[in-house]
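Listed here are the chains, written in short residue letters.
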Amino acid sequence: MNKRTLTAGTALLLFLVPAALFGQKNSCLDCHAKLEDTLKVSAEAVKNDIHVQFGLTCKDCHGGNPDIDDDKAMDRTFRGSPKKAEIPGFCARCHSDAALMRTYNPSLRVDQLSQYETSKHGQQLKKGDTKVAVCTDCHGVHDIQTAKFPKSPTFPWNIPQTCGKCHADAELMKGYNIPSNQLAQYKESVHAQALFDKKDMSAPACNDCHGNHGAVPPEVKSIASVCRQCHPSTGELFSKSPHKKAFDEIGQSECEACHGNHKILRPTAEMLGTGEKSVCVQCHDQGSAGYKSAAALKSAIDTYQGRYDREIGTLDLAERKGVEISDARFKLQGALTVLVSAKNLVHSLSTDEVDKKLAESDPILTEVDQAGADALREAKFRRSGLVVATFFLALFGVALFFKIRTMHKPG
Amino acid sequence: MNARVQKLLDYFDERFQYAGLVKFAKKKTVPEHPKSFWYYFGGISLFLTGIQIATGIMLLLYYTPSIDAAHESVQFIMGGVKFGWLIRSVHSWTANILIGILFVHMFSTYFLKAYRKPRELTWMTGFVLFVVFLAFGFSGYLLPWNELSYFATRVGTDIVGSVPLIGKWLKTIVLGGPAIGQGTLSRFFWFHVAILPFAAFFVIVVHVWLVQSLGMSKPIGIDERKVKEIPFFPDFMFKDALAWTFILVIVGIVCVFLPWEVGKKADPFAMTPLGIKPEWYFTFMFTTLKVVPGHVLFIEGEVLVILAIMVGAMFWLLAPYIDRKAARGEKSPLFTWIGVAVAIYIAVFTVLTYVAPKI
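Just so you know, the protein sequences line up as chains C and W, in that order.
Mapping the first sequence onto this note's numbering, position 125 (from 1) lands on 626, and the numbers just tick up by one.
Mapping the second sequence onto this note's numbering, position 94 (from 1) lands on 178, and the numbers just tick up by one.
Chain W extracted, bound-state conformation (with noise of 0.2 Å):
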């Protein structure tokens, strides 16, 4: 290396010490065995954050939070700001490619029984962001303030209101007043870009730390004469690349072929247009409260169904400690069957929104 240049690395070496980190890179290995595919999601997820952000601190420069104009800036956005078309719609696609990726992240973490000790955190961590990612989904949506968005708010934001005790003031907290207004734009804005931004941020940098400490986690029963240890640097960080290429591709593709419509701007006096639905994630939510009846013995359908949500999220974020066979490295296959029952039941009443949205 070049004296100059090495003069210059020890120069910073000096006042950031990061010659550990440098040396720890070098050593770093993470194991290669038949189902590390499923390991590429992670990293995936994080270069579609980091697009994310990219975009989402370009449309700042021209989006205005304002009932009379932020569809109007969005619109400015898409036809009359240069490569504005693009900059939104990758933000829009690829806020739906993250949390399509983040599913798949999640369950095949779940699946590989990855989240036993010591790796509890790690799953927690995750599970904290996922559920931060579908808030940027729901903030985020009603930001262009469109007749679509407006009306999927104000069903999504019925739903937080049937929250059992909380539920009324929880409601008109999210709506900053009694209904959809400017108040709401403001808040989901605050929401979207300063608040779940830095809570993101946070849990990311303690997840990443964990994921690197503690290195990747080996499926439980797999013969260790499969499994080899290869690099992360470059080795890995190469296939890794060759994903977010791959990624990349896609959503250039989408944005130019099906960019990200700006829909008619949001009429609150207008009749509620018929077939409204929340976004694609919330939808095996919603769909469950429509088919559950009105009243399931002495408790209210909705308040039973958010009731259970709730419960379903805690078992899930707390699959590390309750699964104890898992936590000796011995296979759980009941944990097994109630993922597999999970991802059923949300794939089919996805699709079940979509094939018979009069359910």
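Only chain C is shown next, with the shape it has when bound in the complex (with noise of 0.2 Å):
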């Protein structure tokens, strides 16, 4: 069989396979397409089911004969449709059986039943809360999309909306005494910038701090683990520094005592030192070593920030004078990065530490900014150079132009 005999019947067969499927009868979807409100079942979103597009029917759910018209498709078979408490087991008949799962999907979890069970929504449902999340909330019900699918409500990017249409509900959690700002609060975090601006699938979303079928709020002990995932160095130098210990001893939650919770601002200097937006304050009180190891961790944070800036500055004013500045700008690069490394090493709160890191770039920092003046020197030079030629070239015009009026001049 040659190449394009083989691809030929590749695609003969990948387009009858679901041919074959759709073209079956299904009195299920005749009917139910037809139905109105809770009997209603739609045969465009069904179409795009990720179970029936791994060939699994309605009967394979509800049980039935679909092969038969009318209510006798209802056979000793059938199921029917799950009370919501009976949803979760209702799922899990196949998505907890591992030897089944691995035929459709080997990568698939299957421990998504027993997580649920010790989530907060499996254990108000057990007490017989209805109200609270079963499977079909977050994942749909004949529309249900796989988490890598862009418009799946699993979707990282859909996540914090999915969350939030029971948390973002005032009325129903007034019910269980828990606010209903998380959603708003998430939006103006540093998080949801990365994670809807920046599209950076990496950022973190509701589900990746409180779990997705097991969650749960995570208690002070368990904030600075969830931090860690992802923050790794910074909880190293936090558990190293004096702060782990009182904390410790005062039952604080480490990170957001400082950062907050679901509005994790953008960090920023203003946070350090002893001024109105410090967070140091909270704690430390005029004069204390605290207080005034935060101002100076602050003042060698402010002190070499200054320096950064001005030399972003002076590049920028050379690049707009028209001088390439771009292996400067490549070298101040570094002095970013050790600036970022020490705002990090703020978490030691060791000032020696901060200052041995920024001094690393001391180096770089003389050089870009030798780099600078001597690009700013070379745009002057340019400019006067300009004067000179321009100078000459009209004077060699002027000449020409006399000359050409005396040629012209009659006799």
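The reader is advised that the hints may include incorrect statements.
As the list claims (entries may be wrong) - Below, simulated PhoX-like cross-link-like pairs (lysine-lysine); rule was C-alpha separation at most 25 Å, straight line:
#1 Lys166/W / Lys822/C
#2 Lys310/W / Lys119/W
#3 Lys312/W / Lys904/C
#4 Lys904/C / Lys110/W
#5 Lys700/C / Lys348/W
#6 Lys904/C / Lys166/W
#7 Lys699/C / Lys348/W
#8 Lys312/W / Lys415/W
#9 Lys166/W / Lys881/C
#10 Lys822/C / Lys348/W
As the list claims (entries may be wrong) - Some chain W residues near chain C, calculated using beta-carbon distances under 7 Å:
#11 Gln159
#12 Met162
#13 Gly163
#14 Asp319
#15 Phe322
#16 Lys323
#17 Leu326
#18 Thr329
#19 Leu332
#20 Gly336
#21 Val340
#22 Pro343
#23 Ala354
#24 Leu358
Don't read these hints as lab results, they were simulated from the structure.
Cβ coordinates follow ideal geometry from the N, Cα and C atoms, glycine included.
Mind assembling these two chains? They're in different frames, but the hints should get you there.
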């Protein structure tokens, strides 16, 4: 068999299999597509459902015989539609069956039900509260998509909205005595900026901190572990710092105490020191060692930041004057890396460590400073050169002009 | 003249036989009349071509035609080579000014009907030179291998792919493969520094030879009493030199205050930046392609535009033979109005590209 025949055969097969699946009789859909309200099933939505794409049909979940018309289709195998409290178990019949799931998607986990049972949602459901989320509240019903599909409600940048369907509903949350401003706060956070604006899939959405099927609010002792998933070096520095012992003693959550939880903003130098926006003064009184240390750390970062900004300003000016400075800009990236590392080192609370780190970029900043000064000198030289060249060219032009006028005078 | 110098000149004349040429140059006159201002654009074009050759040769010293090094080499020229910024900026700015001057030169020649018999071949070689210089611009634009030039070239070569019948074949030839890559850069470089200069040199020689042998054309119906003849050398040459000096000052000012930027290195995997467009002299064609619907009757809109441009270019090239009235020395207002329509179309569509990029 040649390659072309093989390709054509594969294409035909790929066309015929779905055609056979969709082509076969399905009395469930024939009727439910025409029914109203809770009995209505959209044929269009079902077509895109991940289960249907894997070749499953209505009877695989609901039982019955779709080959038979009318009520007779609901034979003794018919399971009907599960009640809300039954849904986790209903889905788990397949999703907890490792052998069965392997035949469709070997990489898919099969512990969703057991995780769900440990979650706040699962625990409430067990108590008979049917207002809590079950599988279908997050994944949909007959239009379920894989979490890798961008339009799926469980795709990373849709997750905040999916959770917010319930958690931003003040009326619903009132019954549980929990706030409903998490979604609004998250949307202002640096994490949301990364997820929504930069489309950075590694940025955390709700499930990355709270878990998904086993979703619970992290407790004081686990918050630091949650943050350390993505910020391990910061966590390590904190653990070695005097803050660790102090926080443990008073039962204070680690990262959250300064950075907040849902509304985690981009950290700025303003958070350090003793100013109005400083988080240090929440605990450290004026004159205390911590107060002095906070001031020293801020001073070190500010001094460096000022020097870095000056270099950026010089390079910007040189660039506006038309001098090529990409080499100097590239070198300055090294100084920025040092600044980012130093800001991270603040979590160690060691002024010496921060100073030592910042000093690493001294040669870079000196070099960039020189390059910036050279670039500005070059810009000045170019303008002076232009003035001189234009002067001589103008002189030549004027001489030519008068020569031409002389030549054209009669006689 | 010093006897020794005369002896030296005689020595060379005996071998090069240039006495006739000198005699021709001394006797050569140029008509001067109220519209002779437009004659100078030819000389300016030749002067700017000289600058392009000189700066291009200098850039060759440092430019590396490789997708891994082209951008870096241009960056080095702009920042690391003494006066490299000036050479490259002069090359890039002059290229654009030259094409602008060529537009003026071509349209002034058209409106003065200077293409009429016996100057048909002067016009045709001039038009070929115009196309050659557009090709210089198109091929040179990609060489710095920056984001804008990369994506603009992709747009340009996609248009080439729409040429009826031979489009796909032609696009593969131009690209040197299925997509823009090292093959394309090598070809564009080869085209820019070897093929086009050779073609341009040959056509310029023929064009200038025809201009010199036939002399300048006088506008149809001009009052002969208002025309006087001035010597080519030194009178006309001095005026030419004055124009060149003026252009040189302009080039110097723009190069110092607006050096040609290097841009961001091209990343073939990056998304096409918004509002990408070709160089300004191609934008009228680009916007035409955008405004014409996908299908016009039974023909694809893109194909229709390309066919129309090809027919238009053919008309423009053969204008001296089509405009029979001008050939007889009579005024031909129809051709003047066609020229006005073409000039307005080019100007309007070029401006539209920048003021209404979303059309």
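Hint by hint, which ones does this structure get wrong, listed from lowest number up? 6, 23, 24
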